[in-house]
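> The chain contents come next:
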Amino acid sequence: AQKVTQAQTEISVVEKEDVTLDCVYETRDTTYYLFWYKQPPSGELVFLIRRNSFDEQNEISGRYSWNFQKSTSSFNFTITASQVVDSAVYFCALTPTSGTYKYIFGTGTRLKVLA
Amino acid sequence: ETGVTQTPRHLVMGMTNKKSLKCEQHLGHNAMYWYKQSAKKPLELMFVYSLEERVENNSVPSRFSPECPNSSHLFLHLHTLQPEDSALYLCASSQDYRGPGNTIYFGEGSWLTVV
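Protein sequences, first through last, are from chains A and B. First residue of the first sequence: 1, per the numbering used here; consecutive thereafter. First residue of the second sequence: 1, per the numbering used here; consecutive thereafter.
Keep in mind the hints are simulated off the structure, nothing from the lab. You may find that some hints are simply not true.
Result set (PhoX-like, lysine-lysine): computed pairs, CA atoms no more than 25 Å apart in a straight line [said to hold, decoys possible]:
| # | chain 1 | residue 1 | chain 2 | residue 2 |
| --- | --- | --- | --- | --- |
| 1 | B | K36 | A | K16 |
| 2 | A | K38 | B | K36 |
| 3 | A | K102 | B | K18 |
| 4 | A | K38 | B | K18 |
| 5 | B | K40 | A | K112 |
| 6 | A | K70 | A | K112 |
| 7 | A | K70 | A | K16 |
| 8 | A | K70 | A | K38 |
| 9 | A | K3 | A | K102 |
| 10 | A | K112 | B | K18 |
| 11 | B | K18 | B | K36 |
| 12 | A | K38 | A | K112 |
| 13 | B | K41 | A | K3 |
| 14 | B | K22 | A | K102 |
| 15 | A | K102 | A | K70 |
| 16 | B | K19 | A | K38 |
| 17 | B | K22 | B | K41 |
| 18 | A | K102 | A | K16 |
| 19 | B | K22 | A | K3 |
| 20 | B | K22 | B | K36 |
| 21 | B | K41 | A | K102 |
| 22 | A | K38 | A | K102 |
| 23 | B | K19 | A | K3 |
| 24 | B | K19 | B | K36 |
| 25 | A | K112 | B | K41 |
| 26 | A | K38 | A | K16 |
| 27 | A | K102 | B | K40 |
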């Protein structure tokens, strides 16, 4: 079965704190892709990152970083020095080898950054 | 300006009305999608089009009728909807609907309320 679990329903942090959003996935495919999207209150899902299953290097983009660990089937997302503008719902997603348009989304984590 | 634009952003309609949601993508993509996002539910894929041809119809009730006149435009025609159809409807596009690491880009969504 293909599945993405985001166990954290909602997280609240104070501005400038670091925060990690967890994503655990299940798939039997050896080749797959993982994604993170941000959904601000306006509604649009904004693409943040794509990672393929053969690339376990961690990635950093400004205040954002991602930790991909195949051994634990996790693809966690960390925001450093959070800002109020980071407040949004964040979705992790998986596409298996078969049916690559069939994104399997997690249920999302709502992040609230308080001033 | 977002690469995928949706109109209207907000729509309130009665159960006997007929209305349409419009989506336009400016990314030169070949595939377009409709997703439904209801409160406390995972994102649901409704329809997939590739070069104006429907490639996926995910058991969506016939009161939702998609139309793809060209690869840049996608419509969702609505008629005799139910209150439980109230949701955020997201349009999206990608370069192709197949292929590894297919990245989907979303619009801002149309908030639909059925009264």
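> Hint by hint, note whether the structure agrees.
Results of checking the hints against the structure:
1. B:K36 to A:K16: With Cα atoms ~34 Å apart, B:K36 and A:K16 exceed 25 Å; violated.
2. A:K38 to B:K36: 16 Å, holds
3. A:K102 to B:K18: Given pair A:K102, B:K18 is violated - Cα atoms ~29 Å apart, limit 25 Å.
4. A:K38 to B:K18: Roughly 32 Å separates the two Cα atoms, so the pair is violated.
5. B:K40 to A:K112: Measuring from Cα to Cα gives roughly 17 Å; hence the hint holds.
6. A:K70 to A:K112: Given that 25 Å is the threshold and the Cα spacing comes to 29 Å, the pair is violated.
7. A:K70 to A:K16: 30 Å, violated
8. A:K70 to A:K38: 23 Å, holds
9. A:K3 to A:K102: Distance ~12 Å between A:K3 and A:K102 Cα, so the pair holds.
10. A:K112 to B:K18: Judged against 25 Å, a Cα distance of about 38 Å means the pair is violated.
11. B:K18 to B:K36: At roughly 18 Å apart (the allowed maximum being 25 Å), B:K36 and B:K18 satisfy the hint.
12. A:K38 to A:K112: The hint holds at about 13 Å.
13. B:K41 to A:K3: OK: B:K41 and A:K3 at ~14 Å, within 25 Å.
14. B:K22 to A:K102: Satisfied, since the Cα-Cα distance of roughly 22 Å is no more than 25 Å.
15. A:K102 to A:K70: Since the Cα atoms of A:K102 and A:K70 sit roughly 21 Å apart, the hinted pair holds (cutoff 25 Å).
16. B:K19 to A:K38: Violated - the C-alpha atoms of A:K38 and B:K19 are around 29 Å apart, more than 25 Å.
17. B:K22 to B:K41: Judged against 25 Å, a Cα distance of about 23 Å means the pair holds.
18. A:K102 to A:K16: Distance ~36 Å between A:K102 and A:K16 Cα, so the pair is violated.
19. B:K22 to A:K3: 31 Å, violated
20. B:K22 to B:K36: 14 Å, holds
21. B:K41 to A:K102: 17 Å, holds
22. A:K38 to A:K102: 18 Å, holds
23. B:K19 to A:K3: 35 Å, violated
24. B:K19 to B:K36: 16 Å, holds
25. A:K112 to B:K41: Holds: A:K112 and B:K41 sit about 20 Å apart, inside 25 Å.
26. A:K38 to A:K16: The hint holds at about 19 Å.
27. A:K102 to B:K40: Status holds; Cα separation ~20 Å.
When the structure is compared with the earlier hints, violations turn up for hints 1, 3, 4, 6, 7, 10, 16, 18, 19 and 23 and for no others.
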